[in-house]
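What follows is the residue order along each chain.
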Amino acid sequence: MEKVVIKESPYNVKKAKIIDIKLLTEKEKLFQLVFEDSSWLHFEPGQFIMISLMGIGEIPISVCSSPLNKEYFEICVRAVGKVTNSLHRLNIGDIIGVRGPYGNGFPIKILEGYDLLIIAGGLGLAPLRSLILYAIDNRRDFGQIHILFGCKTPQELLFREEIEEWSKRVDIHFACTVDRADPDWKGNIGLITSLIPGVDIEPARTYAAVVGPPVMYRFVIKELLAKGLPVDQILLSFERHMKCGMGKCGRCQIQNLYCCKDGPVFTFKEIMDMAEAL
Amino acid sequence: MENVPFVLTKLPSKSIMFYCIFSHMKTEQYKIIEKYLIKEFVNRLFPISKVVAPVYKGFGNYVFEEIKSEENVTFKYIPTILPPKKYLLPKKETILEFKKNQELIIQPVVEYENLILFGVHTCDIAGFKCLNKVMSDTPKDVSFLLRKEHIVIIGIECNDYCDQYASCAFVGAHLPTTGYDLMFTELNDIFIVHVHSSKGTNIVEKTGLFKPATDAHIKELRELREKKAKIFYNEIPTERRYIPDLFDRSWNASVWKELEEKCLSCGNCTAVCPTCYCFDIAEEVDLTLKSGKRFRIWFSCQLDPFAKVAGGIDFRKERSARQRHRFYRKFRYHVDRFGMIFCTGCGRCSRTCMAGINLKEVLISLIKESEAKIWRKWL
Chain U
1 MEKVVIKESP YNVKKAKIID IKLLTEKEKL FQLVFEDSSW LHFEPGQFIM ISLMGIGEIP
61 ISVCSSPLNK EYFEICVRAV GKVTNSLHRL NIGDIIGVRG PYGNGFPIKI LEGYDLLIIA
121 GGLGLAPLRS LILYAIDNRR DFGQIHILFG CKTPQELLFR EEIEEWSKRV DIHFACTVDR
181 ADPDWKGNIG LITSLIPGVD IEPARTYAAV VGPPVMYRFV IKELLAKGLP VDQILLSFER
241 HMKCGMGKCG RCQIQNLYCC KDGPVFTFKE IMDMAEAL
Chain D
1001 MENVPFVLTK LPSKSIMFYC IFSHMKTEQY KIIEKYLIKE FVNRLFPISK VVAPVYKGFG
1061 NYVFEEIKSE ENVTFKYIPT ILPPKKYLLP KKETILEFKK NQELIIQPVV EYENLILFGV
1121 HTCDIAGFKC LNKVMSDTPK DVSFLLRKEH IVIIGIECND YCDQYASCAF VGAHLPTTGY
1181 DLMFTELNDI FIVHVHSSKG TNIVEKTGLF KPATDAHIKE LRELREKKAK IFYNEIPTER
1241 RYIPDLFDRS WNASVWKELE EKCLSCGNCT AVCPTCYCFD IAEEVDLTLK SGKRFRIWFS
1301 CQLDPFAKVA GGIDFRKERS ARQRHRFYRK FRYHVDRFGM IFCTGCGRCS RTCMAGINLK
1361 EVLISLIKES EAKIWRKWL
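Chains as they are written, first to last, in the numbering used here: chain U, 1 to 278; chain D, 1001 to 1379.
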């Protein structure tokens, strides 16, 4: 058996250095990364990268910084499994492996000129943050921007400072709700669907971008359709456990679509008739 | 054949199919080898490279394995336990190696070897073609393609059915078309050999046992193929081109529920399938904790963690959904994606299933069920 090193192998990873770590909540950390060869990660909002911890494993994580940020890129990781827990134990200056980006993100060129209704549930804010930051950086290219964010408890609120900043801006409508409040909570209480009827949108010129846990989609889509949003203007991002990211391993298959290659962002129209999607 | 409760439809456009095959039969592409020389031929392959061929293992089981002498080779065999895809997509293959001393060194690697695959049936060659299509899709899978470049495929044509599980005529994999370097077809006292690539020519020249074929041999081959058309029949009472439509109507078929009751979710069917290629990526670290490797390993849509995501949500929880996924992946999804049916008719899944799930029977019940649906529409 001959063994050759092939640098062009699609499984090759680039080394990236952790330059900053922020503790967002009890379970989520934000990692700032730069490539060791100081190249720049070209990606669209909504695309994902494969994060490798050598000897532990590889996981798909969506990039959550602005694609226009050329200094570093960020990932927001919740400690749930083997790799994510190990990632949480790393320190500034440690090296991890990165390959990607993979998949189709939010179609920003199509979205330009439209109003945006961004609906995030829990950790779903991470991929959407990339879109929000892009839209803020190019604020003139978009119409109205509505951001609805829901999470279980006030302790699970991600990106607190940024959220505060967004809510203060006059050119963004931001609303937030929690499922269960604590005594200090002064905002809305209830599921994220309770925020949708109150949003003032013009359905024909609005694109909705929805990311959240699988249970959330069903109810949110129902509300959006009730609002009169066309099916091809509802964008959803799906979670699957991609292993290769290249449409080979079969792990992320939804009928004849591969989440990693055709998605993870789909329009509702593409998947509305598909069983096993939601 | 008599016990099939349908009027068997004829093979699709048989005359056109044969026209295509015969019109391209060029005598100069064919060689012949005397039957008694075939063992000598295998012997002369050993100096060229490692040789892999079907070997009998007892209890009606055959396997593809490395041979050191021609005595072990079986020329007539039913499909082996594992298809020869294991040489293109090994069960477990290293894709990345890493070492950490002062600095972390990461190297993507590909393992390959020069190999002659001798005695591959047309169904398994069809399987190679399916895998090739998938792995050549961008981004290309370099390890598969590199390995394929170093493999010489020598086929043997089946002149009759191997057993009752095969459905190769239905998917059109019973005749050699493309995807091999040399194809041996048994005639009366000779093998006629189709030389189909430069790799094949190379083997012919290096072994030096072949004589040029004459027009009489080609005529004999043509007669054999015509005889074969009478032996091989459409095993499933529909035509290949209606299959996508059949599956479009069968998502909620009761057949899947019946399969759920039978299926043990062991994953045998996908392990032995020549067109299944799903894999998992995992890693191993040396005991020193300084170096290790990342590998990919066969995985199956029938097994539990396949469609699970963080948080424990499983997108195909029931066995019925998993079996349905397997069938749709063979007969529907990849038709859209790659324009091919990903079943080669080898019958391995039915042969190996412990619960007795038979691919042909499943297709026949799907046809029955969907026919009933069509009738109901008219009533």
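A few of these clues could be false.
A short, non-exhaustive set of chain U residues, derived as facing chain D with CB atoms under 10 Å [said to hold, decoys possible]:
id, residue
1, Glu2
2, Ser52
3, Lys70
4, Ile163
5, Pro213
6, Ala226
7, Gly245
8, Cys249
9, Gly250
10, Arg251
11, Gln253
12, Leu257
On the chain U side, residues computed to face chain D include the following (Cβ under 10 Å) [what the hints assert, rightly or not]:
id, residue
13, Val5
14, Glu8
15, Ser9
16, Tyr11
17, Ile18
18, Gly55
19, Ile56
20, Lys152
21, Pro154
22, Gly228
23, Pro230
24, Val231
25, Glu276
26, Leu278
If you are wondering where the hints come from, they were derived from the structure by calculation, not from laboratory data. None of the values given here were measured: they were computed from a predicted structure. Note that CB positions come from ideal geometry on N, CA and C, so glycine has one too.
Here's how the hints hold up against the structure:
With a cut of 10 Å, the hint placing Glu2 of chain U at the interface with chain D holds, because the nearest CB-to-CB distance is about 6 Å. About 8 Å separates the beta-carbon of Ser52 of chain U from the nearest beta-carbon of chain D, less than 10 Å, and the hint is met. At a threshold of 10 Å, the smallest CB-CB gap from Lys70 of chain U to chain D is about 24 Å, leaving the interface hint violated. The beta carbon of Ile163 of chain U is not positioned within 10 Å of any beta carbon in chain D (closest approach about 23 Å), and the interface hint is therefore violated.
Given the 10 Å rule on beta carbons, the hint for Pro213 of chain U holds: about 7 Å separates it from the nearest Cβ of chain D. Hint status for Ala226 of chain U relative to chain D: violated, with the closest Cβ pair at about 26 Å, above 10 Å. Taking 10 Å as the C-beta cut-off, the interface hint given for Gly245 of chain U holds, the closest approach to chain D being about 9 Å. Checking Cys249 of chain U against chain D by beta carbon gives a least distance of about 5 Å; that is within 10 Å, so the hint holds.
Hint on Gly250 of chain U holds. Least Cβ distance to chain D is approximately 4 Å, under the 10 Å limit. Satisfaction of the interface hint for Arg251 of chain U is found here, the shortest Cβ-Cβ separation to chain D being roughly 7 Å, below the 10 Å cut-off. Taking 10 Å as the C-beta contact cut-off toward chain D, the hint placing Gln253 of chain U at the interface holds, the least distance being around 7 Å. Residue-level restraint check for Leu257 of chain U holds (minimum Cβ-Cβ distance to chain D is 9 Å; threshold 10 Å).
At about 5 Å, the closest approach between the beta carbon of Val5 of chain U and any beta carbon in chain D falls short of 10 Å, and the interface hint on this residue holds. The interface hint given for Glu8 of chain U holds, since its Cβ lies 6 Å from the closest Cβ of chain D, which is under the 10 Å cut-off. Taking 10 Å as the C-beta contact cut-off toward chain D, the hint placing Ser9 of chain U at the interface holds, the least distance being around 4 Å. Interface hint at Tyr11 of chain U: satisfied, since its Cβ lies 5 Å from the closest Cβ of chain D, which is below the 10 Å cut-off.
At a threshold of 10 Å, the smallest CB-CB gap from Ile18 of chain U to chain D is about 13 Å, leaving the interface hint violated. Using the Cβ-Cβ criterion of 10 Å, the hint placing Gly55 of chain U at the interface with chain D is satisfied: the shortest such distance is roughly 4 Å. Satisfaction of the interface hint for Ile56 of chain U is found here, the shortest Cβ-Cβ separation to chain D being roughly 7 Å, below the 10 Å cut-off. A cut of 10 Å between beta carbons decides the hint on Lys152 of chain U: the least distance to chain D is about 13 Å, and the hint is violated.
The interface hint given for Pro154 of chain U is violated, since its Cβ lies 21 Å from the closest Cβ of chain D, which is over the 10 Å cut-off. Interface hint at Gly228 of chain U: violated, since its Cβ lies 30 Å from the closest Cβ of chain D, which is beyond the 10 Å cut-off. Residue-level restraint check for Pro230 of chain U is violated (minimum Cβ-Cβ distance to chain D is 25 Å; threshold 10 Å). With a cut of 10 Å, the hint placing Val231 of chain U at the interface with chain D is violated, because the nearest CB-to-CB distance is about 20 Å.
The closest approach between the C-beta of Glu276 of chain U and any C-beta of chain D is roughly 5 Å, which is under the 10 Å cut-off, so the hint is satisfied. Because the beta carbon of Leu278 of chain U sits about 9 Å from the nearest beta carbon in chain D, less than 10 Å, this interface hint is met.
Figure legend: structure checked against the earlier numbered hints; hints not met, in rising order: 3, 4, 6, 17, 20, 21, 22, 23, 24.
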